[in-house]
Each structure stands twice: as structure tokens, then as C-alpha cells.
Amino acid sequence: MQFTPRKLNLFLAFKLPSAFLCGVRSTVINEKECVATVRHRWISQNPFQSMYFAVQAMAAELTTGALVMLQIKKSGQSISMLVLNNKATYTKKATGKITFTCDQGDQIEQAIVRTIATGEGQTIWLQSTGRDEKGDVVSVMDFEWTLKLKSKKS
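Residue numbers for the sequence shown follow my numbering, beginning at 468 and rising by one.
FYI, nobody ran anything at the bench for these hints, they're computed from the structure.
Quick caveat: nothing in here was measured; it's all calculated off a predicted structure.
Hints may be right or wrong, so weigh each one.
What the hints assert, rightly or not - With a straight-line cut-off of 30 Å between C-alpha atoms, the simulated DSSO-like cross-links for lysine-lysine are:
(1) K564 with K474
(2) K615 with K474
(3) K601 with K560
(4) K560 with K482
(5) K617 with K474
(6) K541 with K619
(7) K540 with K617
(8) K541 with K474
(9) K554 with K474
(10) K601 with K499
(11) K499 with K617
(12) K541 with K601
(13) K601 with K554
(14) K474 with K601
(15) K482 with K617
(16) K564 with K617
(17) K559 with K619
(18) K564 with K482
(19) K619 with K554
(20) K615 with K559
(21) K560 with K499
(22) K601 with K540
As the list claims (entries may be wrong) - Have a look at the derived ranges for each label pair, beta carbon to beta carbon:
(23) E500 with G543: 19 to 27 Å
(24) V580 with E611: 12 to 20 Å
(25) K560 with S485: 17 to 25 Å
(26) V550 with G586: 37 to 45 Å
(27) E498 with K601: 24 to 32 Å
(28) L477 with R508: 18 to 26 Å
Virtual Cβ for every residue (Gly too), placed ideally from N, Cα, C.
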């Protein structure tokens, strides 16, 4: 898959339909960062007139996972990826359009280089920050990704 916002959004529609239906959309993807947005609306709401935490997590995870996928493709190696842990901090009600950004492409690239060089699995914590339309932070989400070389079949 070529990594463009449009292709990533098509990927969402077919592989992560719940995120797509809730309105999660990629707007930027390059080797350094990934940005995704989601709007507070009926399908993404909680009973407290704000965005449900799981919808925020879908958008945040997308920004980290898409960067990992892009760097794996760039490496040319067969590497598996999986979320091992996650943690989140919510600092403000999420209403309106929320923009999540992960800008750790360089750290992901270094982890993949270590994975390939050592043949050993690596873990890396990646962070995505969600901001409202005023620029205020509404949530910070951290995901621990595992990276492992896939074994070659004989």
C-alpha cells in the first residue's frame, strides 16, 4: 500500500470499519508524522456530551500504527507489529473536531533498524496527542508497540 491519507482512509474503511464509521480520518502521513482527525457527533459521543474515549483511542492508535506500518514498508523487511500496552490521560472534554498527532517517525525507524540488526524483537512507546479546535490538549495516548522479524519459511 502506498501511504497517502486517501489510501490510509480506504484501508480504514475495509480493515477498521468501526474507526471509519466513527469518522476517524487521516489527514497527513509522511516518514516523520501522522495526523488524524475525528469529530464529536452522535456516533462518537458518550453520555456526557463529549467524545467517547474509545473513539479517541482509535484515532490516536491510527497515528502511531500508520507510522509503524510506513517505516516497516520503507525497511523492505517482513516485520510483525502489535500493540502490547496502552495508557491514556484525558485533560479536557473532547468536543468539536479533535486532531491527533504522532511525530515519532525517527524513533520508529531506529527501532526497526535495531530489530533488523539484532534479529530480536523490540518494543517502542509512541505517543499521540489530541487537540481541540482551540489547540487545547484534550488527551494524550501512549501505545507500546512490539516489532519482530517474521521468520522465513524454508
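Any of the earlier hints contradicted here, and which numbers? 12, 16, 17, 19, 20, 22, 26
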